[in-house]
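> Here's the letter readout for the chains.
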Amino acid sequence: MEPAPPRRTEAIVAWLVPPACREHVTGDLHERYTTHGQYIAEAVCTIPLVVASRIRRTTDPQVLLMEAFALYISFLGVAWKLNGASFLYGQWGYLRLAIPAAVALATLKLEDAYANPGKRSPLTPILQATFSFGIVCLSQAALLAIDPRWVVPMRIMIYGGAISVVLVSTLRMLFPPCDTRPRNAT
Amino acid sequence: MTAILTLRDQAYGVTIHAKVAELSRPKNVSLGAVYVTLDRLEDKGLISSWLSDPTPERGGRAKRCYRLEALGERALRESAATAKRIWDGIAEVWGKEWAKRWAKEWAKER
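Respectively, the protein sequence lines represent chains A and B. To convert, count from 1 in the first sequence and add 911; that's the working numbering. To convert, count from 1 in the second sequence and add 70; that's the working numbering.
Hints listed in this document are in silico derivations from the structure and should not be mistaken for laboratory results. Mixed in with the good hints there might be a few duds.
Said to hold, decoys possible - Interface residues of chain A toward chain B, partial, derived using beta-carbon atoms under 7 Å:
(1) Glu-913
(2) His-935
(3) Val-955
(4) Cys-956
(5) Val-962
(6) Asn-994
(7) Ser-997
What the hints assert, rightly or not - Each computed DSSO-like pair below joins lysine-lysine, with the alpha-carbon atoms no more than 27 Å apart:
(8) B/Lys-154 <-> B/Lys-174
(9) A/Lys-1020 <-> B/Lys-154
(10) B/Lys-114 <-> A/Lys-1030
(11) B/Lys-114 <-> B/Lys-97
Note that the Cβ used here is the ideal one computed from N, Cα and C, for glycine as well.
Based on the sequences and whatever the hints tell you, model everything.
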């Protein structure tokens, strides 16, 4: 009988690999299996590179810049309207507002990498933007526990987040991620 | 691309990684790095890929097989010509005897 990785370990590894490359990557790891340790070590070294490659393939630099701009402008506009210059200049406002924007952007990129190219509905952009806002809220809660000085005020978070969800969803509907690649694959 | 060329119909992740590891000795190449490179080559249109039928030795999973495209063959020819020019340049400076001795040692090591 051929040596095979434990089913539970293999299921975890398969879950961590983006769906677009899950079939062949998990198959290759299965074929190269010798010991449990080797399998885990190889999966740990391989998966981050596979995810990074998937992010590169699904990212259009121009859309990425537009999304980053939309996210930052949403929080900045709300902060300017609600708190004015005192927050932006006096309390490291510009930098603090970049944190939720960066977290949202990173979440969106990971969502694109892990999106299943075969299953894309018209609601996907809205769900992705809403999920990324949820992650931003969680990150702010974590930041509150670590260092409250860097947390964005609640009102700015809520209004800014709502505007960013609308802007990012619209952008994603207009410019869907290029997830049809690999272009030449059949 | 050399690995894909030499492996012909058997070019997929595991075999390509084994071939690349053999070609790049003594440097280690990870499986992840091979996937990243294959993705880039595919995006540039130098190679193409397709999913084969699932096999039991892979836990019932399919292989992603690769083949060289015409553009890739041309790029490989250009790379081979560049490598030849580099080799000739080194042999010219270090002498033909050295080149012969080195080629013999390399063949033995292989």
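> Take the hints in turn and mark each one as holding or not.
Evaluated hints:
1. Glu-913: holds, 6 Å
2. His-935: holds, 4 Å
3. Val-955: violated, 10 Å
4. Cys-956: holds, 5 Å
5. Val-962: Hint on A/Val-962: violated, closest Cβ of chain B at ~9 Å, above 7 Å.
6. Asn-994: violated, 44 Å
7. Ser-997: Violated - the Cβ of A/Ser-997 stays beyond 7 Å from chain B, reaching only about 47 Å at its closest.
8. B/Lys-154 <-> B/Lys-174: OK: B/Lys-154 and B/Lys-174 at ~17 Å, within 27 Å.
9. A/Lys-1020 <-> B/Lys-154: Violated: A/Lys-1020 and B/Lys-154 sit about 42 Å apart, past 27 Å.
10. B/Lys-114 <-> A/Lys-1030: Status holds; Cα separation ~26 Å.
11. B/Lys-114 <-> B/Lys-97: holds, 25 Å
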